[in-house]
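Here the protein sequences line up with chains A and B, keeping their order.
Under this note's numbering, the first residue of the first sequence carries the number 1, and numbering increases by one thereafter.
Under this note's numbering, the first residue of the second sequence carries the number 1, and numbering increases by one thereafter.
Keep in mind that the hints are not guaranteed to be accurate.
What the hints assert, rightly or not - What follows is a set of in silico ranges between Cβ atoms, one per label pair, in the way DEER data are often shown: (1) A/Y68 - B/A91: 52 to 60 Å; (2) B/V387 - A/K174: 20 to 28 Å; (3) A/S6 - B/E13: 16 to 24 Å; (4) B/I23 - A/I58: 22 to 30 Å; (5) A/K65 - B/A19: 58 to 66 Å; (6) B/V387 - A/I58: 44 to 52 Å; (7) B/P26 - A/K66: 43 to 51 Å; (8) A/V286 - B/G258: 29 to 37 Å.
As the list claims (entries may be wrong) - Selected chain B positions facing chain A (in silico; Cβ < 8 Å): (9) K54; (10) L58; (11) L377.
Stated by the list, open to error - Covered stretches of chain B, as calculated for chain A (at least 3 residues, CB under 8 Å): (12) 143-150; (13) 358-370; (14) 391-405.
These are calculated hints, taken from the structure and not from any lab test.
Glycine is no exception: its CB is placed at the ideal position from the N, C-alpha and C atoms.
These are the residues of each chain, in order.
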Amino acid sequence: MQNRNSAPHILDEDTTFSIMTDIIIALCPSLLWGFYIFGKRAMVLTLISVVSAVVFEILAETALKKKYTVLDLSSVLMGLLFAMTLPVSAPLWIAVLGNFASIVIFKQLLEIFSLNKINAVLCSRVILSGIFPKAFSAFTLPFADLSPLAISTDESALNVLRADSPLVLSNQGKIIDDLKMIDLIGGKYGGAFGTMSSLLLLCGMAYLILKKVISWEIPLSITVTVAAWSLIFPRFESRWFFMAYQLLAGSLIFCAIFTATDYASSPISKRGRLIYGVFAGAMTMVFNLYLGFTDGAYAGILAASLLSWPLNRLFMPVPYGGKRIPMFDFHFEKKEKDED
Amino acid sequence: MEYSFKGGIKLNEKKNNKANPLIRMPAPNTVKIPLCSGTESFCVACVHAGSEVKVGTLIGVGGENGCDVHSSVSGKVIAIEEITLHSGIKAPAVVIENDFRESVCEEIKPFSKKISETDPQEIIRIIKKAGIIDHCGSTMPLYKKIDPEGYKIKNIIINLAESDPYLSSRYKLIKEYANEILGGTKIVMRAIATGRAIFAVENTREDIADAFMSMIGDNKAFGIKFVKSKYPQDKEKELILAIRKKEIPLHKSSKNIGSIVLDAESLKAVYDAFILGMPAVERNITVGGNCIGEPTELQVAIGTGIEDIINFCGGYKKKPRKIICGGIMTGYLQKDTSTVVSKDLSGVICIASKPEMNSKPRCINCGRCVKACPMKLMPFYLSRFSVKSDTESALKYGIESCNECGCCTYVCPGRVDILENIKIGKELIKAERE
């Protein structure tokens with residue numbers, strides 16, 4: 001750390017490290033609730049995920065001869081996010097494989113070709129859930145007794161302790177009769193262990209908005225779009241129940257707050273963010289209802305992030321006293337290896 | 001009703017909040033008066049070693065485009081030597097030994113005619129002879145700034161805001177000399193032949209607004225508008241954006257859209273030049289920061305050494321990590337205290353902050369610099385283009401509109417030195433044009 005020798009001579013206190021720390025703090029309430037509901041195996045999965053994320057980042061940066069960026073906690077955050085989207089019965093090797101895909105392939109290698117404008121965690125999760133569907137969708141009952149250190153949960157235990165995801169059933173039009181609304185809101189149903197409690201996730205969102213880490217446009221536009229779509233085209237008799245199932249069961253709120261607002265893959269301008277959120281919500285509903293995904297939020301937000309570069313170019317501000325910048329301007333987009 | 005512009009940043013104020021008025025610092029044993037006015041061309045000395053000078057004697061002639069320089073003490077000229085100014089430029093300076101008699105030069109006389117019967121050209125000639133410079137944005141001589149150049153000037157905007165978090169001398173000056181500032185405004189309005197003057201006051205400074213409102217009364221030629229106190233509200237382009245809601249075209253001055261922005265120090269100096277006959281020989285600075293024994297606002301003679309000023313304010317309380325001349329957001333870092341007060345120095349700040357920079361700066365695409373930029377630019381793109389020497393793209397993305405306020409570098413969490421990269425880019429463009 002050294003002093004600045006040119007103007008300005010004071011700097012704001014926020015650094016990359018403090019932003020990542022704030023996001024991790026905002027994730028903690030929901031993470032701890034997941035540990036409480038689903039037991040020790042959830043803690044083991046999280047630990048393996050975070051450690052493998054850090055190890056892969058060190059290995060990749062050594063192999064590519066780049067400066068080490070482990071200390072700004074971005075890889076710790078990616079490992080944590082990936083773990084929280086897993087069901088607790090997931091095999092332990094999927095945490096390692098998922099972090100290899102997200103850090104080595106989708107973050108470091110794509111950064112060389114300057115294509116790193118997608119969210120690496122979402123990309124690796126979507127692709128792996130296509131290759132190993134059972135690992136990502138074998139949900140179990142809350143407070144079920146699963147062995148923490150077993151490499152993969154065996155079939156008999158899964159059959160006994162299986163819980164159907166309310167989201168999957170609601171996509172097919174079936175309501176779960178004995179699921180009380182308080183359990184749905186509070187977070188006691190079958191699903192990924194980090195995305196359970198919508199209340200605690202919203203507390204995290206309030207903390208992040210107060211600290212000015214994220215802004216309200218993206219989470220609001222995604223949830224409003226999903227809510228509106230489910231009210232207009234319901235699959236239950238009561239449209240309000242259908243909207244509650246679509247919003248609260250599954251990882252929509254988690255993704256809208258923590259993965260859709262990722263700086264690299266979301267637009268910068270306010271209007272761009274609102275359009276991106278509406279598109280992400282619409283694609284989520286399409287994947288859920290018409291393409292039979294278990295949890296369409298991941299793929300929906302990933303599809304919307306393909307729009308974020310055009311939205312950035314469309315809503316660029318006009319410089320003071322100057323002319324509008326042309327929308328398509330390809331010759332500069334290639335970044336050099338170390339741009340700083 | 002508050003006027004403002006989009007962008008900018010809110011800074012925590014660290015001003016001196018004691019209610020003392022400006023303290024007059026007696027001139028030290030020797031003064032070294034620089035023979036230039038800020039960054040303009042140098043003057044030619046018209047005294048030599050051994051000449052006797054008094055307060056207000058002409059010691060440097062500015063020529064066609066420059067500003068005259070006058071002595072701020074009475075005494076004997078020791079030498080004419082080269083010194084380093086606070087901005088790093090080396091300039092010639094007249095070293096005068098103070099005889100502490102403070103005798104005023106015989107040619108200093110108050111202006112005899114009434115202002116309302118004076119020809120505008122005569123007013124501009126007297127302002128040129130008094131060596132007054134402009135303090136709002138550039139350091140050009142004031143007579144050049146108020147020359148209408150053929151445009152129709154609708155109004156003048158007087159900057160009574162001070163948005164740097166460590167400076168407070170302008171506020172004390174306005175509180176004490178409100179009458180003189182209004183007088184200077186009337187003189188300048190006669191010189192430009194304009195009918196309206198707008199005073200821009202920060203919304204937290206209601207005492208200044210009350211003082212001016214009671215002086216103006218019902219006069220329709222003057223108006224007061226409140227501006228939001230955020231950084232960098234006190235710069236010329238942002239004031240015009242806030243009050244006139246118009247943008248100045250590139251490479252043109254504000255006279256193009258019919259406004260001229262002046263500030264309080266220049267107007268008080270104009271008043272002094274007419275009512276007392278005294279040219280610009282002293283100025284007001286803020287001495288602040290958490291390392292100074294007694295931070296205060298001073299009225300100092302031009303040419304006073306920084307070392308003498310710090311000793312006058314109680315010396316160091318703590319060892320400073322940084323000594324800055326100017327404001328804290330746009331000032332120059334000094335290696336030592338050997339420089340002197342020139343006409344464009346606004347403050348001496350000594351702080352003992354912790355180190356801020358990272359050894360691995362990295363852009364994380366958060367977009368905070370875009371939100372903070374008052375000129376509606378995208379600083380992360382400009383920084384990237386400048387580092388890669390891509391001047392064509394930098395020009396297309398508006399690097400010439402950059403005001404160098406430093407908002408982007410202040411907010412960047414990745415600790416990229418955006419302002420330094422943009423300055424390098426501008427130097428490359430200037431070199432390419434030659």
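Comparing the hints with the structure gives:
no., hint, verdict
1, A/Y68 - B/A91: 52 to 60 Å, "violated, 46 Å"
2, B/V387 - A/K174: 20 to 28 Å, "violated, 58 Å"
3, A/S6 - B/E13: 16 to 24 Å, "holds, 23 Å"
4, B/I23 - A/I58: 22 to 30 Å, "violated, 59 Å"
5, A/K65 - B/A19: 58 to 66 Å, "holds, 60 Å"
6, B/V387 - A/I58: 44 to 52 Å, "violated, 27 Å"
7, B/P26 - A/K66: 43 to 51 Å, "violated, 59 Å"
8, A/V286 - B/G258: 29 to 37 Å, "violated, 55 Å"
9, K54, "violated, 38 Å"
10, L58, "violated, 34 Å"
11, L377, "holds, 5 Å"
12, 143-150, "violated (count 0)"
13, 358-370, "holds (count 11)"
14, 391-405, "holds (count 7)"
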